[in-house]
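Trainee: Chain residues, written in single-letter form:
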Amino acid sequence: MPESSDLHTPAIDLTGVEFHWGRRSGFSLDVPRFQVARRESVLLLGQSGSGKSTLLSLICGIVTAQSGKVTVGGTDLATLRAGARDRFRAEQIGVIFQQFNLLPYGSVADNILLPLNFAPERRQRAGDAHAKAGHLCQALGLPSGLLASPAGRLSVGQQQRVAVARALIGNPPLIVADEPTSALDAATQDNFLGLLFEQTAEAGSALLMVSHDERLAPRFDRVLRLEDIARIERAAA
Amino acid sequence: MILRLAFGSLRARALTVGLTVLAIALSVALFLGVEKVRTGARASFADTISGTDLIVGARSGSVQLMLYSVFRIGNATNNVTWQSYQDIAARDEVDWIVPISLGDSHRQFRVMGTTPAFFEHYKYRGGRALQITPGAGLDDLYDAVIGADVAAALGYAVDDPIVVSHGLASFTEHDDQPFRVAGIIAKTGTPVDRTVIVSLQAIEAIHVDWQSGAQQPGQSTPVEQIRQMDLTPKAITAAMVGVKSRLQVFALQRWINEYPEEPLLAVLPGLALQELWQIVGLAETALVGVSAMVVVTALLGMTAMIFSSLNERRREMAIWRAMGARPGVILGLLVLEAVLMAALGALLGMALLYGALALARPLIDAAFGLWLPLDPPGLRELWGMLAVIGAAALASLLPALRAYRLSLADGMMVRI
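If you read the protein sequences in the order shown, they are chains E and C. Following our numbering, the numbering of the first sequence begins with 1 at its first residue and continues without gaps. Following our numbering, the numbering of the second sequence begins with 238 at its first residue and continues without gaps.
What the hints contain is simulated information worked out from the structure, not anything from laboratory work.
Computed list of chain E residues with no C-beta within reach of chain C, every gap over 10 Å:
| no. | residue |
| --- | --- |
| 1 | 40 |
| 2 | 80 |
| 3 | 139 |
| 4 | 203 |
| 5 | 216 |
| 6 | 218 |
| 7 | 234 |
Per the computed footprint, the stretches of chain E lying under chain C, defined by three or more beta-carbons under 8 Å from a beta-carbon of chain C, are:
| no. | stretch |
| --- | --- |
| 8 | 94-103 |
| 9 | 113-122 |
Backbone N, C-alpha and C define an ideal beta-carbon position, used for all residues, glycine too.
One chain only, chain E, in its complex shape (with noise of 0.2 Å):
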């Protein structure tokens, strides 16, 4: 596990932070408090276009907040430069997009493995990381061989379960996933959802899923909605 061994240590704390893209934008977002602990799983129910992304943003390290503290796994991401917190994220965090997460050219073996380049203490946590991607891909209920054909050639709920292998590999504290199961039918769903959950478990991150559907709610620690943590602003357009 990471250097924070503290296991009170959140996943992810977030104090008075504040917001703005650009003066003239018209949009802000304000958490005064936010906090998801370790091994928790989190669903953050917002409509789209309400800011969830420009706050996963804002964990990911993508942008910085004008004020206010943004913690992950213990490290105040407004200390680090930008190329560290890019490194950061690498180390710390998986991502799981609403679709499209997969460079269609490369095989599902380079996808899986992707994060790793950037990531080397992730990637001697992984060991055999070739192996680990092949035992995540059978875990996930993904046919074997799968690892060398190219990634464009897969069905939308296979890419999703590659990319949940890509984010768990490595065992990174925290997962974040941005309304992944929006694509996929609802029987793919709610596989999906089950195995994301029992991989997450074992091992040992956090989950921070955004979505828009309530009723994902009934498998997580603990549900929110983005407007009773968030205050969000924009300009009438």
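Position chain C against the provided structure of chain E, taking the given hints into account.
Mentor: Structure of chain C alone, referenced to chain E:
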């Protein structure tokens, strides 16, 4: 692995990438081809004469003397008297001297009067001697030895009769004194291939009844009588000179240039060629410049292609960013793709050039008398290819920097 992904990304856009690579390949082939023809032409010119230390003619320009005496381009403005020729031949420094008399023609080919010593001392392509196969050298007064191109163009074989015309492109034929093809010179790739060689005496003989450039009406001296006459020429066009020791070249050259009886000019073939290159150099530079512009155009095309692909690849860049790639990696990735395309293009261009060269070599030789060597690519070509690849990297910085800024702005959350 990143290199493999870059290759994969290119393969995934095979059509546009293929066309771009092809454009680069064609431009590189053109650029290297121009270079090849340029150096080939220079080498071919330089190969035309070797082993001759001085060329002597009436005073004119050194390039002009060189052109008309060795390359049969243009005409002599004046002749050298036989007396002067003999004075030079008598000098101590002179090892050998070969007179040349030009002025008549056969069809489109020039006729050159000389002595059998010409076949002994004229050397081309680093010291190679002329070879007369089939047939033999000049023996009889009315013998002619013809170049390979003359034989091929006019279908002549040994023992065929040929009639020499007076002057160049003239309708007056020396038909009263026909020649016989005594031998054919094996192909040399020099102007000798397009020359009809006869003896100096023969040139004199066919002009026996001529005065001031016109045939005396009604006069026709019988051949038998001509054979009895003294056919020592009164003048020649130029002479090729070999000296005993290279150290004496300049002394002899000065002596000839200061010859009091007649204004003469002696030039060193190598120096005259240098002078010629200075004149031709401007056109060469223009040619190289144009072909370089074609390379630049191809690279611009590539840059435009990368630019236009940026929008559809924003999603892909977001994935790289989300996986922890710094924006610098995105920039590097695009530059890497450009370098790969340029390298592929350069290699393909090289292959195209050599393929085309192998096919077209005989045709170019037949049409222009220019034998292009099929050497392995030299340092110059390699530098050229490196320059193309470097320029591609440089050009790709523009779209790469844009991608850098886009990926900073988009982060990992692009909605497309």
